[in-house]
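Asker: Based on the hints, put chains B, C and D in the right spot on chain A.
The primary structure of each chain is shown beneath.
Protein chains: 4
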Amino acid sequence: MSHEQFQHCIDECIKCMLACNHCYDACLNEDHLEGMKECIRLDRECADICAFAAQAMSHHSSYVKELCRICADVCEACGNECKKHEHEHCQRCADACFSCAKACRAMAS
Amino acid sequence: MSHEQFQHCIDECIKCMLACNHCYDACLNEDHLEGMKECIRLDRECADICAFAAQAMSHHSSYVKELCRICADVCEACGNECKKHEHEHCQRCADACFSCAKACRAMAS
Amino acid sequence: MSHEQFQHCIDECIKCMLACNHCYDACLNEDHLEGMKECIRLDRECADICAFAAQAMSHHSSYVKELCRICADVCEACGNECKKHEHEHCQRCADACFSCAKACRAMAS
Amino acid sequence: MSHEQFQHCIDECIKCMLACNHCYDACLNEDHLEGMKECIRLDRECADICAFAAQAMSHHSSYVKELCRICADVCEACGNECKKHEHEHCQRCADACFSCAKACRAMAS
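Chains as they are written, first to last, in the numbering used here: chain A, 4 to 112; chain B, 4 to 112; chain C, 4 to 112; chain D, 4 to 112.
Isolated chain A (complex conformation) (with noise of 0.2 Å):
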């Protein structure tokens, strides 16, 4: 696997990492929240998952397949139901999940 692969899918972990947690505090302060009770809980996963394949990547862990498998199934399904909701927020984040996911499965393959 080439360091550019690495690199982008430490940067993309961390970009998804980063568009969950901001989606998950912003749907806390929608009006409707439970709608939004599935949109929170994968938010929080998600970004908890990301941020633990991201260091674990940059300290170079001999576990970095498995935990980008896991990661993309997180992104994949935080990604899904982001992508439900009208808010700008769930809309940016499912991006960010997707592409995420797409880089986690490169890394796993």
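Treat the hints as calculated values from the structure; they're not laboratory data.
Just so it is clear, the structure is predicted and the values come from calculations on it, not from any experiment.
Check before you lean on any hint, since a few could be wrong.
As the list makes no split between identical chains, a pair holds if one copy fits it or if it spans any two.
To be verified - In silico SDA-like pairs for lysine to any residue, Cα to Cα no more than 25 Å straight-line:
no. : residue 1 : residue 2
1   : K105      : L36
2   : K87       : H35
3   : K18       : K87
4   : K40       : D14
5   : K87       : Q8
6   : K40       : A80
7   : K40       : A109
8   : K86       : Y66
9   : K87       : S65
10  : K40       : Y66
11  : K40       : K86
Answerer: For chains B, C and D alone, kept in the frame of chain A given last:
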């Protein structure tokens, strides 16, 4: 999966995290550091994934099985490395790792 | 600082992390989510800093006092919020938060 | 505090986390490990608090100032240690640490 099994696995992950961090710190204070580098590396890795898995289980993540599968792999690798060293902190850490690996395998299955 | 005090504070942080994550998950399943948003937010925050402090203490970080001071602040804020809600998970979480705050204050002093 | 200042501090924490984890991994591969033990220890510590602070800032934690104060302390300690070593990874890490410390001090004030 029963509540008891869940609680048992969380407890094992926390015990293993504590043992790994204690071993990590003690290894860095040993005289012959050269032979301890793989132990130091795996102790950190194992402590981090155990802490992550314990958090994920305690907020009922949907990715508990996948996380426990990686956690079991890391615990086994860390236990096998620690087992090679005669220091008491390494032997205790190996025991905690193998015990945690067993609980995580049961969760992952 | 005695070994017992150290171990006690680690145990309290872990108990509090587990209670906060349990409360976080349960709050997201409550009917009247609107009133629980501050509880959800603080539960995550408190679980995260408790997990971080427990890890730091267990590898003998040099920043234990400073971390425990923040941890105590977050635990008190989370405990005060949880105390307002009648749900059993909130009341239990409040107890764990206040107990952890006390142990962290002792470590920080 | 401006949005730009916030974003700048998050970026610095992430750059510093990556530099510290890279340095941690490279230190563990150096020949004379004995002299690197404090560097290894502080690299992990600094990477962890930087990652934590970046996450906290990105979900708008109420404890950003307190966390950035500790983060600045750890970054300065890690930067001072790395500065002593001639390895390129240590010198780069020191630069990232001092730059992050400055951004965190500004956030904390």
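Asker: Would you mind marking each hint as holding or not holding in the structure?
Answerer: Each hint tested on the structure:
Taking the shortest alpha-carbon separations for K105 and L36, neither the intra-copy value of 30 Å nor the inter-copy value of 34 Å comes in at or below 25 Å. In this assembly of identical chains, K87 and H35 lie within 25 Å of each other by CA distance both inside one copy and across copies; the values are 14 Å within and 22 Å between. Taking identical chains as interchangeable, the C-alpha atoms of K18 and K87 lie at most 25 Å apart only when both belong to the same chain, with a minimum of 20 Å there against 33 Å between chains. For the identical chains of this complex, K40 and D14 are neighbours neither inside a copy (27 Å) nor across copies (28 Å), given an alpha-carbon limit of 25 Å.
For the identical chains of this complex, K87 and Q8 are neighbours neither inside a copy (30 Å) nor across copies (32 Å), given an alpha-carbon limit of 25 Å. Proximity of K40 to A80 under the C-alpha cut-off of 25 Å is found in both arrangements, the shortest distances being 14 Å within a copy and 23 Å between copies. Neither within a single protomer nor between protomers do K40 and A109 lie at most 25 Å apart by alpha-carbon distance, with minima of 30 Å and 30 Å respectively. For the identical chains of this complex, K86 and Y66 are inter-copy neighbours only, at 20 Å across copies versus 30 Å inside a copy, given an alpha-carbon limit of 25 Å.
In this homomeric assembly, K87 and S65 come within 25 Å of each other (Cα to Cα) only across copies, at 19 Å, whereas the closest approach inside a single copy is 36 Å. Proximity of K40 and Y66 under a CA criterion of 25 Å is satisfied inter-copy only: 17 Å between copies versus 31 Å inside one chain copy. In this assembly of identical chains, K40 and K86 lie within 25 Å of each other by CA distance both inside one copy and across copies; the values are 14 Å within and 22 Å between.
Going through the hint list in order, the structure does not satisfy hints 1, 4, 5, 7.
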